[in-house]
Each structure stands twice: as C-alpha cells, then as structure tokens.
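Novice: One-letter residues, chain by chain:
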Amino acid sequence: MFRLLPLLLLAAMIVVGFGIEAAFFDRVVWLTKLPLIAMLALAFWKKLR
Amino acid sequence: MHLFIELLTLLFFLATVAHAVWLRGKSGAGLFGALLFLGFVRENFVILREVLYGFAPLTLMLGKAPVIASIIWGYSIYLAVIWAEAMTNESLEDRRPSGRFLTLAALFMIALACFYEPFLKLIDMARWQSGTRVTLDVPWITLIGYPSLTVLFLLLWCQVMRRPAGIARTVLLLAGLTVIALLHVIGLQGLKDLLRW
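Heads up: the sequence lines are chains P and V, in that order. The working numbering numbers the first residue of the first sequence as 1 and each following residue consecutively. The working numbering numbers the first residue of the second sequence as 50 and each following residue consecutively.
Rather than coming from a laboratory, the hints here were simulated on the basis of the structure. Do not take every clue at face value.
If we take Cβ atoms under 8 Å as the criterion, some of the chain P residues that face chain V in the derived model are [stated by the list, open to error]:
no., residue
1, 3
2, 4
3, 6
4, 7
5, 9
6, 13
7, 16
8, 17
9, 24
10, 39
11, 43
12, 46
13, 47
The beta-carbon is built from N, C-alpha and C at its ideal position, and this holds for glycine as well.
Just chain P, same shape as in the assembly (with noise of 0.2 Å):
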C-alpha cells in the first residue's frame, strides 16, 4: 500500500478542491473528476483484492 501513497495524496487534493468549490463558489464539479476518481478506484480495488 505504501507504493500507492502518492494516489491518495491525489484523493485528498481532490477531496479539497471538493471543499473550495462548494465552499468559495457554491457548486462542485464532479462530472469532470469522474474518470480521475475512477481511475483511482480501480487502483486501489486492484491492490486491496
């Protein structure tokens, strides 16, 4: 799991820009970060099994 590290690192800097958008700007854009999310899901799912 500590390979991965980085790839939740990038799950918190998502989580954060979650939190500016809706708290600086009332909306949250999620459809563009979808595949990004994805993408990190497969991941984790592929070493967790």
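Since the structure of chain P is already known, use the hints to place chain V on it.
Specialist: This is chain V only, laid out in the frame that chain P set:
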C-alpha cells in the same frame, strides 16, 4: 486562496519526492530532478514566449513562472507512473516501459487534465488564450498536451537511464529535456493554431 493552493501543492510535491526517494533511492531523486528541470524550462518558456496560457499573479515564483506550474508536471507525471505501475505490474526501474504502460500513463494524464483545468479556471489561476476551445472548462488542447509530454519524458528518461552513469549521461538527459520542453510548447501552440482549438 491562491497562496493556499500553491503551498498545498508544494507540500504534496515534496511528499511525493520523499516517496520516490524512499522507494527508488538515487534513481527516484534523479527522476524528480529531471521532472523539475523539465517543468521549469517548459513553464518559463511558455511565459517568455507568451503562448498557450498565462497565470494570475502568484506568490511563489521560480524564474518567470510560478513554482506551482514548474512542480505540477513532476507531481503529475510521477502519479501517472505510480498508477501505470499498479495497473500493469511493470516497474519504471526496468527502463523498458511497454506500450500498455505508456498508454495507461497517458490516459491517467488526460484524467488529471479533466480534474485540474476546470478547477484552475474556477479559481482563476490559469488563463488560457482567448478563443481557446473548451468542453466543461477543459481546453481541448490539454487532452493532447498532458499525455504527449508524459510519454515523451518517459521514453527519454528510460532511454537515457539505460546508459552508464556519468557526466555524459547527465548532459544528454538535460539536453534532451530542454529540447522536449521547448518543442512541446512550440508544437502544441502550432497544433492549437492549426486546428483552431
């Protein structure tokens, strides 16, 4: 808010550098040295030539370009490497990335472009040339720019690192990175003009 984003990205960048050094030793440090050099040359060239995009006034600068612009390439390409390694069970340390590895790294960079660009537009940090064609605030040209620089870098890095260590290899690497950085900017702007993107 811009300073917060700059500092957070710098923090994440340093964490990934530490990860690379911990996991790959000197090779990891060299990889990030090369990526930082690539980002520094490319982004300063973008600013000096006034092509593709510009930036809001930012606090942390490296030369004429913002620090965040120089380091984001290294951060992103390393993430693409980690993800492609996880999906293919290959290692960049083998210096012979397969077509599948390079394709997956390129796809990951496209997904990153779709994450970064709408956010950068929303917080008004990056400013693309007026008339740049976009969908959902993702400039079309980024879908070529992000993956192409990544693949070019990985091919150069693996090719050069197969040579024996020494000054000649370092000089060859730096020269290759400079050529890639400059040609990528010129080529991307040329393609953007040609396609009217």
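Novice: Against this structure, judge whether each hint is valid.
Specialist: Status of each hint after checking the structure:
Residue-level restraint check for residue 3 of chain P holds (minimum Cβ-Cβ distance to chain V is 7 Å; threshold 8 Å). Taking 8 Å as the C-beta cut-off, the interface hint given for residue 4 of chain P holds, the closest approach to chain V being about 6 Å. At about 5 Å, the closest approach between the beta carbon of residue 6 of chain P and any beta carbon in chain V falls short of 8 Å, and the interface hint on this residue holds. Evaluation of the residue 7 of chain P hint against chain V yields a held restraint, the C-beta minimum of about 6 Å falling below 8 Å.
For residue 9 of chain P, the suggested interface contact is upheld, since its CB lies about 5 Å from the closest CB of chain V, less than 8 Å. Interface restraint check: residue 13 of chain P against chain V, minimum CB-CB distance 6 Å, threshold 8 Å, status holds. Interface hint status for residue 16 of chain P: upheld, as the beta-carbon distance to the closest one in chain V is roughly 7 Å, under 8 Å. The beta carbon of residue 17 of chain P comes within 5 Å of a beta carbon in chain V, closer than 8 Å, and the hint placing it at the interface holds.
Nearest Cβ of chain V to the Cβ of residue 24 of chain P: about 7 Å, under the 8 Å cut. The hint holds. The beta carbon of residue 39 of chain P is positioned within 8 Å of a beta carbon in chain V (closest approach about 5 Å), and the interface hint is therefore held. Hint status for residue 43 of chain P: holds, given a least beta-carbon distance of 5 Å to chain V, under 8 Å. About 6 Å separates the beta-carbon of residue 46 of chain P from the nearest beta-carbon of chain V, less than 8 Å, and the hint is met.
Because the beta carbon of residue 47 of chain P sits about 6 Å from the nearest beta carbon in chain V, less than 8 Å, this interface hint is met.
Violated hints are absent here; each numbered hint is respected by the structure.
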